[in-house]
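Q: Sequence:
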Amino acid sequence: MNILIAGSTGLVGRKLAEALKLAGHKVSGLGRADFSGTEAALVQKVGMSEVVINLSGAPIVARWSESYKKEIIDSRILTTRKLVSAINKSPVKPRLFISASAVGIYPDGEVFTEENTKYGSDFLADVCKLWEGEARKSPADTGVGIFRLGVVLAREGGALQKMLLPFRLGLGGPVAGGKQGFSWIHIDDLMQAFLFVIEKNISGIFNLTAPELTDNAGFTKALGKAVNRPAFLPVPAFALKLVFGEGASALTSGQKVLPARLQKEGFVFQFPKLKEALEDIVQKK
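Each residue of the sequence shown is one higher than the one before, counting from 6 in my numbering.
These are computed hints drawn from the structure, not numbers from a lab.
Some hints could be false.
Under the rule of at most 30 Å between Cα atoms (straight-line distance), these lysine-lysine pairs were calculated in the DSS-like manner [unchecked claim]:
id, residue 1, residue 2
1, K26, K167
2, K50, K94
3, K184, K142
4, K269, K26
5, K230, K280
6, K269, K184
7, K261, K74
8, K205, K269
9, K289, K261
Quantities reported herein were computed from a predicted structural model and do not represent experimental measurements.
When you get a sec, could you build the whole thing from the sequences and use the hints?
A: What follows is the structure in structure tokens.
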């Protein structure tokens, strides 16, 4: 199967390209030059692909100046808009368009599945709503998969990689009290979920999270045990705000989200429990 990935240089994109190739698929990537070039060239690449995957987006955990907030929005909305336009204009449509989103679309404080339509009202939730809205403008004969990702746990990059050193030094601890939800997924399960949806050719909304609920304090405790170090040093919200400004909200808030749709379709998680997921990642060489 010919599969086209926008955002193939990030952690998820790199790992996904590897997983798809191992599964026998032909993978091509889209970079910034493809989106700044002619639309005809993009339409041609889209038309040669049976599946198009959109993973583009500037990092969320950063200091949010007004210009960076615009970059967070534009890197998601404009890329998605151009991809959807190319799909609509292609004489041969992809059978499936998978567009990333995030569990940040949900508000804090409750447990959510894909059936819930109660969404948050903060900046990140608004970005997700706009992002998903652009993806849904795809033509009727192209299935649309919206993948709402939780925190991706991987040794090779992402949030966990940044946490490992301070935790191994005994400097880890709960963030802003630790009561905020922490929805996570092991990188291997994320890759298998992509393959599962592609090979079954199913569309709709999917929460890409593990089935075990936890909060930031629970994650902190589990990671401390995985590296065999205490994890009692709290990180207060005000300290994060000094570093990240408004962007601290990406760390001080969180959602509790379940992957009901994946499980209903028959997907089996290799790492459904946080303890085993962290042990696997920490012990990998």
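Q: Does each hint fit the structure? Answer for all of them.
A: Hint check:
Restraint check for K26 and K167: the C-alpha separation of about 28 Å stays at or below 30 Å, so the hint holds. Restraint check: the Cα-Cα separation between K50 and K94 comes to about 12 Å, which is no more than 30 Å; the hinted pair holds. With a C-alpha separation of about 37 Å, the suggested pairing of K184 with K142 is violated against the 30 Å cut-off. Of the pairs offered as hints, the one joining K269 and K26 holds, with about 27 Å between alpha carbons and a cut-off of 30 Å not exceeded.
In summary, the hint linking K230 to K280 is supported, as the alpha carbons are separated by about 8 Å, within the 30 Å threshold. Proposed proximity of K269 and K184 is supported: the alpha carbons are some 29 Å apart, at most 30 Å. At most 30 Å may separate the alpha-carbon atoms for a hinted pair to count; K261 and K74 meet this at roughly 25 Å. Taking the CA atoms of K205 and K269, the gap is near 13 Å; set against the 30 Å cutoff, the hint holds.
Distance check on the hinted pair: K289 and K261 sit about 27 Å apart at the alpha-carbon level, within 30 Å; holds.
Comparing the model with each earlier hint shows a violation of hint 3 alone; every other hint is respected.
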